[in-house]
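A.B. asks: So the protein sequences, as listed, match chains A and B. For the first sequence, the numbering used here assigns the number 11 to the initial residue and increments by one for each residue that follows. For the second sequence, the numbering used here assigns the number 11 to the initial residue and increments by one for each residue that follows.
Keep in mind that the hints were calculated from the coordinates and are not lab data. Some hints here could point you the wrong way.
Simulated pairs of lysine to any residue, SDA-like, Cα-Cα distance not exceeding 20 Å [claimed, not checked]:
id, chain 1, residue 1, chain 2, residue 2
1, B, K121, A, A126
2, A, K253, A, D45
3, B, K263, A, D45
4, B, K121, A, E125
Not the full set, but computed from the structure, chain A residues with beta-carbon under 7 Å of chain B [to be verified]:
id, residue
5, A122
6, E125
7, A126
8, V129
9, R160
10, T192
Remember, predicted model here, so these are calculated numbers, not experimental data. Glycine included, C-beta positions come from ideal geometry on N, C-alpha and C.
Protein chains: 2
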Amino acid sequence: MTSAPQGGPLLREALAAIAADVDAGFDALLPVPDDGRARLFEAMRHATIGGGKRLRPLLLVAVAGLHGVGRETAMRAALAIEAVHAFSLVHDDLPCMDDDAMRHGKPSVHKAFDEATAVLAGDGLMAFAFEILSDSQYFPDPFIRAELVRCLAVASGPAGMTGGQMMDITGEGQELDLHTITRLQQLKTGALLGAAVEMGAILGRLPSEGRRHLRGYALDIGLAFQISDDLLDHEGDEDAAGKALRKDAAAGKQTFVARLGAERAREQARALVDQAIAHLAHHGHEAELLRELARYIVERDH
Amino acid sequence: MTSAPQGGPLLREALAAIAADVDAGFDALLPVPDDGRARLFEAMRHATIGGGKRLRPLLLVAVAGLHGVGRETAMRAALAIEAVHAFSLVHDDLPCMDDDAMRHGKPSVHKAFDEATAVLAGDGLMAFAFEILSDSQYFPDPFIRAELVRCLAVASGPAGMTGGQMMDITGEGQELDLHTITRLQQLKTGALLGAAVEMGAILGRLPSEGRRHLRGYALDIGLAFQISDDLLDHEGDEDAAGKALRKDAAAGKQTFVARLGAERAREQARALVDQAIAHLAHHGHEAELLRELARYIVERDH
Chain A
11 MTSAPQGGPL LREALAAIAA DVDAGFDALL PVPDDGRARL FEAMRHATIG
61 GGKRLRPLLL VAVAGLHGVG RETAMRAALA IEAVHAFSLV HDDLPCMDDD
111 AMRHGKPSVH KAFDEATAVL AGDGLMAFAF EILSDSQYFP DPFIRAELVR
161 CLAVASGPAG MTGGQMMDIT GEGQELDLHT ITRLQQLKTG ALLGAAVEMG
211 AILGRLPSEG RRHLRGYALD IGLAFQISDD LLDHEGDEDA AGKALRKDAA
261 AGKQTFVARL GAERAREQAR ALVDQAIAHL AHHGHEAELL RELARYIVER
311 DH
Chain B
11 MTSAPQGGPL LREALAAIAA DVDAGFDALL PVPDDGRARL FEAMRHATIG
61 GGKRLRPLLL VAVAGLHGVG RETAMRAALA IEAVHAFSLV HDDLPCMDDD
111 AMRHGKPSVH KAFDEATAVL AGDGLMAFAF EILSDSQYFP DPFIRAELVR
161 CLAVASGPAG MTGGQMMDIT GEGQELDLHT ITRLQQLKTG ALLGAAVEMG
211 AILGRLPSEG RRHLRGYALD IGLAFQISDD LLDHEGDEDA AGKALRKDAA
261 AGKQTFVARL GAERAREQAR ALVDQAIAHL AHHGHEAELL RELARYIVER
311 DH
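For reference, chain A alone in the conformation it holds in the complex (with noise of 0.2 Å):
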């Protein structure tokens, strides 16, 4: 294992691209107040600047972009999507929730604050996110304004993360079927990933029949993702992922590689990746960035 740049070239360019403007964004976005909210912010550009791999930042930029949308406007959006991916890790790691006491290759925020900040700055998060999204400033048409919060606001809640989360707490140390882990993972982590996508195709007013395929590539690296995740987890290096490892065997938690082994989710997770390649088919060159990431989505370290 190394940690050296994975991926094609468009893709290597791209998330070096999209980290630096996410990084900016967000600095741009919350400068810290000469008051006693400051630790809040502190807190808030902890968990949001310099870190993570932006993959749901990069594929809204790229879906909107296949449709014309100016990368400006979509990484306003795009941080959005990002501050609600941020809120729900600086909660996780909470020692109520995982009690993960590294981040990205840093605390986490209880660790680098308090407990008490940790959950403000996870509620600020997404408040910040549906503040950004309902601005007219960044999108002048309502219409747009208001699918885009309800795209999100779905992705995130009960329907979404929130109760992926509950279904993935729930059942530590029980025996789920394929089914229900399934389930489990594509709300967890398949919601907010199909949002991003989602969320370009409204930028880019695109009708549902185009949304469809998008969708279903959303939904196929969505897994894809998650049981990479679960893969370096059981077998990864904990310098590359620059967090803690090894944890979710010891919490009984119910994921691909725990029902299958590591080899058959290894295929499980390759196949996934060549199902969402085919959703692209009726697009051409100008979709090899999302080509790119599908393939990273199984080959990366971290």
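We have chain A already, so just place chain B on it with the hints.
C.D. replies: Below, chain B alone, put in the same frame as chain A:
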């Protein structure tokens, strides 16, 4: 002190009606699913059904009603703001925050369930609020949806409630001046009460001049409400409150009562209520409920 109903006859009836409607609304919108998310929905129901004065829903529905908005439509928006209020209480009660075991006369969510479920139930309620507001079935006009979201997101986030909570924690044990305490309380409590009024005005498509008076009303009753809350913590009855009292002084919280003493704080609250009612001068009898509500805020015993 007595726990008999208070307020004028209009208000007593309105409080009973809104409590029934809010309970029925959450009951209908949060059916417990037959999967691993059941615990999440049960916790969200515990946090939202059967308890609380429902002041924010009442304010929203009353202001919307002043401008001809039907109760059914206004109630949807009212459930969204109450979901945000409920989420803030669930997270506030956590051991790492205020560590409160009782809320509305029953165990707080982390006591009735567990801490992880309480974190997720809060997160789920916040996302759920924005799901409601961005639902085109409830609010067919996308401009209304986007404006409602914008108003609630700003009031809930770092520029509003969450920011105020951070100031509250940061300020513990410090000697804050009256200006800073006022700002803290305006963010912590006033922002969401103000949003209730503002959201009613958005639904009623009120022009900005009309909104200015209503915002003044909301700001004044918000501050009066916080002072009366501090007074109740200082000298109230725990049975009537349904939660532990006398916690502010122990925690070194920066309140109006701590800064001014009980008597001057009470005078201040009464002056704010008079000022709030003055903002309604250009309204006739139809605003009587809002006047009764303002008076109730300093007369209530819980």
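A.B. asks: Are A:A122 and chain B close enough, Cβ to Cβ, to be under 7 Å, as the hint says?
C.D. replies: 15 Å, violated
A.B. asks: Please check whether A:T192 passes as an interface residue: C-beta within 7 Å of a C-beta belonging to chain B.
C.D. replies: 12 Å, violated
A.B. asks: Mind checking the CB of A:A126 against every CB in chain B and telling me if the closest is under 7 Å?
C.D. replies: 5 Å, holds
A.B. asks: Given the proposed pairing of B:K121 with A:A126, does the C-alpha separation stay at or below 20 Å?
C.D. replies: Between B:K121 and A:A126 the Cα gap is close to 17 Å, so the pair holds against 20 Å.
A.B. asks: Taking the least C-beta to C-beta distance, is A:R160 closer than 7 Å to chain B?
C.D. replies: Since the shortest Cβ distance to chain B is 4 Å, the answer is holds.
A.B. asks: Going by Cβ atoms only, is A:V129 closer than 7 Å to chain B?
C.D. replies: Holds, because the Cβ-Cβ distance from A:V129 to chain B comes to roughly 5 Å (cut-off 7 Å).
A.B. asks: Given the hint that B:K263 pairs with A:D45, does the C-alpha gap stay at or below 20 Å?
C.D. replies: Holds. B:K263 to A:D45 sits at ~17 Å (cutoff 20 Å).
A.B. asks: Closer than 7 Å between Cβ atoms is the bar; does A:E125 clear it against chain B? Give me holds or violated.
C.D. replies: At about 4 Å, which falls below the 7 Å cut-off, the nearest Cβ of chain B leaves the hint on A:E125 intact, so it holds.
A.B. asks: Between B:K121 and A:E125, is the straight-line Cα distance small enough, at 20 Å or below?
C.D. replies: Since the Cα atoms of B:K121 and A:E125 sit roughly 18 Å apart, the hinted pair holds (cutoff 20 Å).
A.B. asks: Between the alpha carbons of A:K253 and A:D45, is the straight-line distance 20 Å or under?
C.D. replies: Judged against 20 Å, a Cα distance of about 33 Å means the pair is violated.
In this structure, the hints that do not hold are numbers 2, 5, 10, in rising order.
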